[in-house]
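Can you build the whole structure from these sequences, using the hints too?
My numbering numbers the first residue of the sequence shown as 393 and each following residue consecutively.
In case anyone wonders, no lab produced these hints; they're calculated from the structure. The beta-carbon is built from N, C-alpha and C at its ideal position, and this holds for glycine as well. Among these hints, one or two may not hold up.
Keeping only pairs whose Cα atoms sit at most 20 Å apart, straight-line, the calculated DMTMM-like set for lysine to aspartate or glutamate is [said to hold, decoys possible]: (1) Lys453 / Asp472; (2) Lys469 / Glu456; (3) Lys460 / Asp498; (4) Lys458 / Glu447; (5) Lys463 / Glu442; (6) Lys448 / Asp472; (7) Lys463 / Glu496; (8) Lys460 / Glu447; (9) Lys458 / Asp472; (10) Lys458 / Glu442; (11) Lys458 / Asp498; (12) Lys463 / Asp498; (13) Lys469 / Glu447; (14) Lys463 / Glu447; (15) Lys460 / Glu442; (16) Lys443 / Glu456; (17) Lys458 / Glu496; (18) Lys460 / Glu496.
Computed Cβ-Cβ distance ranges for the label pairs, DEER-style [stated by the list, open to error]: (19) Pro412 / Ser464: 55 to 61 Å; (20) Thr435 / Lys503: 40 to 46 Å; (21) Lys505 / Lys453: 58 to 64 Å; (22) Val501 / Asp472: 31 to 37 Å; (23) Thr446 / Glu424: 56 to 62 Å; (24) Arg449 / Ala490: 15 to 21 Å; (25) Pro432 / Lys517: 55 to 61 Å.
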Amino acid sequence: MRLSSAWITVASGLAACAMPLLVGAQQPPVLEKLEEGEPPAITIRKPDTEKQITEKRQQGKVTEVKVKSGKSTYYLKPADPAGSAMRGDGQSDEIRAAQWPVLEFDMGVKKKKAAEEAAAAAAAKDAGAAQPAAKTPPAAKPATPAK
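And the structure:
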């Protein structure tokens, strides 16, 4: 029995050594060159990643940072130290979570529109005064309600 297990071990060792030789003897497959297809109809471009950072300082210390990235605007403010925390303690250097403005109202827009409309009306009135006035049709009588 001992002799047969030795032969099995030798045979499996020879097979393991011969396997790379058999694989190496095969030729690699022939690669074919593919033709270029038509370019895609859609082009993908990177979003506008331009960032605009504005810092507000008081006495050399940053009090607020405004970051405008694309359509998003957010504010970063330092955490106010509690008590007598000295600079460098780790507490005064921390930053609070970012804050996004939720709703912003621009009341000046209505004033600008009203001023533009008034200017346009004045220009139309001046242009209308230069031309002869057109005859206005007579006003129609209001209908009487049925009883």
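Hints versus structure:
no.	hint	verdict
1	Lys453 / Asp472	holds, 12 Å
2	Lys469 / Glu456	holds, 5 Å
3	Lys460 / Asp498	holds, 18 Å
4	Lys458 / Glu447	holds, 6 Å
5	Lys463 / Glu442	holds, 10 Å
6	Lys448 / Asp472	holds, 15 Å
7	Lys463 / Glu496	holds, 14 Å
8	Lys460 / Glu447	holds, 12 Å
9	Lys458 / Asp472	holds, 18 Å
10	Lys458 / Glu442	holds, 14 Å
11	Lys458 / Asp498	holds, 19 Å
12	Lys463 / Asp498	holds, 17 Å
13	Lys469 / Glu447	holds, 10 Å
14	Lys463 / Glu447	holds, 19 Å
15	Lys460 / Glu442	holds, 8 Å
16	Lys443 / Glu456	holds, 16 Å
17	Lys458 / Glu496	holds, 15 Å
18	Lys460 / Glu496	holds, 15 Å
19	Pro412 / Ser464: 55 to 61 Å	holds, 59 Å
20	Thr435 / Lys503: 40 to 46 Å	holds, 42 Å
21	Lys505 / Lys453: 58 to 64 Å	violated, 41 Å
22	Val501 / Asp472: 31 to 37 Å	holds, 35 Å
23	Thr446 / Glu424: 56 to 62 Å	holds, 58 Å
24	Arg449 / Ala490: 15 to 21 Å	holds, 19 Å
25	Pro432 / Lys517: 55 to 61 Å	holds, 57 Å
When the structure is compared with the earlier hints, a violation turns up for hint 21 alone.
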